Structures are given as structure tokens and as C-alpha cells.
Amino acid sequence: MSRNAETQGASDTAEEPILRFDQVSMRYGRQPEVLTDVSFALRPGSFHFVTGASGAGKSSLLKLIYLAAKPSSGLIHLFGEDLSRTPAARLPLLRRRIGVVFQDFRLLDHLSAFDNVAVPLRIASQRPSDYRADVAELLGWVGLKAKMQALPPTLAGGEKQRLAIARAVVARPDLLLADEPTGNVDHQMALRIYRLFVELNRLGTTVVIATHDQDLVARSGQPVMHLEGGRLSFPSAPRSRP
Amino acid sequence: MTPFDPARWRPAPFLPRSDVRDGALTFVIAVLCFLACLTALGAVASDRAARGWTAQLAGSATVVVHPRPGETPDSAAARAAEALSSVAGVTEAAALEKEKAEALIAPWLDDPRVLADLPVPRLVTVELDRRAPASTEAMTAALKAQGLDATVDDHSSWMKEIKAAAGLTRWAAFGVFLLIAMATAAAIAFATRAGLAARRDIVEVLHLSGATDGFIARMFQVRFARMAALGGLAGAAGAAAFGATLRLIGGGEGLTPVLPVAWSDLSLTLACPIAAAGVAALAARRTAVALIGELT
Chain E
1 MSRNAETQGA SDTAEEPILR FDQVSMRYGR QPEVLTDVSF ALRPGSFHFV TGASGAGKSS
61 LLKLIYLAAK PSSGLIHLFG EDLSRTPAAR LPLLRRRIGV VFQDFRLLDH LSAFDNVAVP
121 LRIASQRPSD YRADVAELLG WVGLKAKMQA LPPTLAGGEK QRLAIARAVV ARPDLLLADE
181 PTGNVDHQMA LRIYRLFVEL NRLGTTVVIA THDQDLVARS GQPVMHLEGG RLSFPSAPRS
241 RP
Chain U
1001 MTPFDPARWR PAPFLPRSDV RDGALTFVIA VLCFLACLTA LGAVASDRAA RGWTAQLAGS
1061 ATVVVHPRPG ETPDSAAARA AEALSSVAGV TEAAALEKEK AEALIAPWLD DPRVLADLPV
1121 PRLVTVELDR RAPASTEAMT AALKAQGLDA TVDDHSSWMK EIKAAAGLTR WAAFGVFLLI
1181 AMATAAAIAF ATRAGLAARR DIVEVLHLSG ATDGFIARMF QVRFARMAAL GGLAGAAGAA
1241 AFGATLRLIG GGEGLTPVLP VAWSDLSLTL ACPIAAAGVA ALAARRTAVA LIGELT
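First to last, the sequence lines map onto chains E and U. Going by the numbering used here, the letters in the first sequence line up with residues 1 to 242, in that order. Going by the numbering used here, the letters in the second sequence line up with residues 1001 to 1296, in that order.
Okay, chain E solo, but in the shape it has when bound:
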């Protein structure tokens, strides 16, 4: 499917896209563009992989989505809001609706696993009594029940990854982004993590995963957005639900 067809198809649906890029380009400073004329739309509850070689622009694309960067041209609509017109004071509220699993995890080393997972809930000003049980349950779900008090530096790579995932999903985000979430784990752990994302997706979360793992992409059968030299293409037809 061509890029234009993808965009047109999304706009034709009755449901408002959760995310829409309209001819978005991005560059860092005066460097060459890392993303060029990117257009796509994601419907709520969809599941997409973003593939591409290193330097293709996957991380930059995710940065634009989780509001850590601004496009040099083009328009981004997130949760129905045109980001170019959204007041800066409102951006934190939009960020709270996005869960991000960073490639380098970005866990706070001085906080316990439990405290790390609770970060988004504390920022959203929820009372500890309202979420203590949820955090404990989630840590059990990702297999870290016995490590709730552990500090991140004492955890293995896979455990850190699962902890980062738990933090990303604990506030039940509308949109979950993951940058190479299976990059540091073995094949078995990669599948386990993937199943975790599928489970979240079934609960209604829109999931976007940037990955190098072609095997995982092929096995999943989920729609793919492919980046090459900063340009986006759609090698497989997107589906509304995985």
C-alpha cells in the first residue's frame, strides 16, 4: 500500500485516528533530515511494528510521537489534537496518556523496582493507597514479584526490560511505544515480551513497537511501517486489530 493510500484509508474510517502524521519531516539542528515527508494514521487499539535499519529514523519517529522532539515541518495530530496548536502547558497531560519503553530503559537507579513503576502514577497525583495493589500485581505479571525492592543496577537485562515495560503500562496509557524492546533479551524472552504487548493491546491500548527483530515481526503477522533513509513505507497491509 502506498503512503498516500494509507493516509487516505485512515481518514476514511469513522473512528478518529489516535495518531496522525501529515507530511512530517524532522532534522536535528542543521543536519540532514532524518525523517522526510512521513504520513500515516493509527486507529485506536491497533498494533504496529516500525522496522528499518539502524539510522533509518525509527527512534526519531518515536521521539516525535512521545513529544520529546518537534517536527521541522508537517503536522502531527495526537489524541485528536493538532500538536502545533497545543499549548505547552497541556503537553504533560498528553504525555501521561503515552507509555514509553525506552531502548536504554531509563530507569531511576536510586529507586526500587516498585518505586520506578509507581513514577507515572505519582506524577498523575494519584494517592498511593489507590495504586499500591495495582503496582504489586503488575510487577507480578511481568515476573518481578520477588524483586519489588530491588534497585535497577542489581537487575539483569531482561528484568530491567520488564521493569521498564511495567512502568510504561502501569498508568494504562492509550498509546504504548516501545523502542527495541527485545534488543537485549534472548528469543524466548522476546516472545514473552511480545505476548505481554499483545495482551495490553487486547485491553485496548494502541501499540507501536520499533524493532530490528524481523523474525518477531514475521511471526506476529502485525502490520508493519518500514523506514528507510527517513522515508516511510507500508510493506504489509495494516489491520484494525491484531
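Accuracy of the hints is not assured; some may be wrong.
As the list claims (entries may be wrong) - Under the rule of at most 16 Å between Cα atoms (straight-line distance), these lysine to aspartate or glutamate pairs were calculated in the EDC-like manner: (1) E/145 to E/159; (2) E/70 to E/33; (3) E/70 to U/1005; (4) E/145 to U/1005; (5) E/145 to E/134; (6) U/1144 to U/1082.
Quick caveat, the hints were computed from the structure, so don't treat them as lab data. Quick caveat: nothing in here was measured; it's all calculated off a predicted structure.
Put chain U on the given structure of chain E with help from the hints.
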């Protein structure tokens, strides 16, 4: 080890409770605040000394009496003192005894024995009312009315230079204080920036998790203001102790009359922790906001 009970969990602070860098930063702030407080004490004391010098000079005059033929110098000086005592603006006028007048001249002579052959003029020391001092003209007129040949010296010829020197001392002291205070503020700001930049990872995670700029900035403001206040308090306490020592060593007038430290001056150091905390809070806020700005 007891098993973790989520029901008893309490949120940990987003910023680490303590850090090696915090101790170093507090120490630097303490040293700079100590120096700033010392210069402030020095500035106030030198200002007081300068005011004292000029007040002393402005409050007195010296009259040189030349006895007329047939009149003894003692008699002429006594008449002059009496005439001056009745002038408005004069609180006291007294003839200086011959020995004291000669003692004033003696240091300027190679051989003090020549004093006996010299016509040493008699002096009258005059204390003036500080609020409404008598003018030179009024004193001269009163002396002339009594038929006295006398010259009134109100110190104006060298008072100007003394005043200029006192003013220079005063401004130099305040200038040094301002420089050190500015250097202290700059060092606090830079140290705060460095400390905050070292915690960029925390800023990033909180920012991307949806924390508002104000929430993040406040967190760092409180941390660094508390640290600067502690450092400022230590520095101020050190300077106050040093000032108190100077005051005690010097007895009634402080260490020396040249630098008269008063007990009340020590209260100046109280402002230091507050000022340090304010500067650190401002620097932390600006740095945090700038850091967050770099993230998007």
C-alpha cells in the same frame, strides 16, 4: 530479610536523598558565604570608623592666640576661652596649658631645648555643638570684640582630605563586599547548574512521564535552596564567630578603633543563608527550565 509488603510502601523521593556532590557543593557555598559575611562586617565597621573620624573633626576647632604687648600668654588664652564659651554653638572652650602646647610642637624640633626661646602660641581647644556648630566667622568676631589677636582653625583645610579618604575607605569596603557577594552568587548558580545537570536522567524520566515543568523545577528548587541555606548558615556562623572574636579581643572599641565591630553588626550575617537559598532556588529553577527546554 523481611518480605516486601506493598501495603506498607511509602513513595521514595524522586531525587536521591544524599549525594557526594551535595557535600562538596554545601562546603563551597559555606566558604563563599563566610567570605561574603566577613567582607560585609568589614564594610560596616570601616563605614563606622570613617563616620567617627569625620564627626570628631567636624565637632572641634583650635584657636591660636597671639598675646598683645603687656599681656601674658596665659591671660590672653584664658580671655579667649571665656569669649568663645559665650558663642552660640560652642559647648566648651578651654585654654591649652603651656606644657601641652609645647608638647605638640616638640616632635617637629631637632632639639627640644630651643622651645624655651620660641614664642610658642597659646591654643584654645573648642568643642562645638554637633547639631548647630558655631561658624568660624562667629568665633572670630567674638574674639575681636574682646580685643584679642587670634586665628580660628576649624580644621576645614584638612577635613576635606580626611573626608575624601574616609569616603574612599567606605566605598572600597562596600565594593569588595559587592564583588565577593556577586562571586558567591555566581558560584552558587554554577554549582547548582552542575548538580542539576548531573541529574539530567531524572529530569528526563519525569518530563517524559508527564511531569509539568513547574513540578520538576520546584523539586530541584527545594533541594538546592535547602543545600545553599545549610551552607550559608555554616558560613554565616563562622563569620559571626570570627566577628565576635574581633569584638571581644578589642574590648569596648572592637579589635582597634580603625575597625570598630559592634555586636549588632553580627546580625548582618543572618541574611546570608536566606540570600544563598534565594540565589540557589532561582538558579535551580532557571537551569531546570532550560534543561527541560532542551528535551523537546
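How the hints compare with the structure:
1. Distance hint between residue 145 of chain E and residue 159 of chain E is fulfilled; the C-alpha atoms sit about 11 Å from each other, no more than 16 Å.
2. Distance restraint check for residue 70 of chain E and residue 33 of chain E: the Cα-Cα separation of roughly 13 Å lies within the 16 Å cut-off, and the hinted pair is therefore satisfied.
3. A C-alpha spacing of about 42 Å is found between residue 70 of chain E and residue 1005 of chain U, which places the hinted pair above 16 Å, so the restraint is violated.
4. The straight-line distance between the Cα atoms of residue 145 of chain E and residue 1005 of chain U is roughly 11 Å, inside the 16 Å bound, and the hint therefore holds.
5. Straight-line distance between C-alpha atoms of residue 145 of chain E and residue 134 of chain E comes to about 12 Å, which keeps the hinted pair within the 16 Å bound.
6. For the suggested pair residue 1144 of chain U and residue 1082 of chain U, the alpha carbons sit about 13 Å apart, so the restraint of at most 16 Å is met.
Of the numbered hints listed earlier, the single one contradicted by the structure is hint 3.
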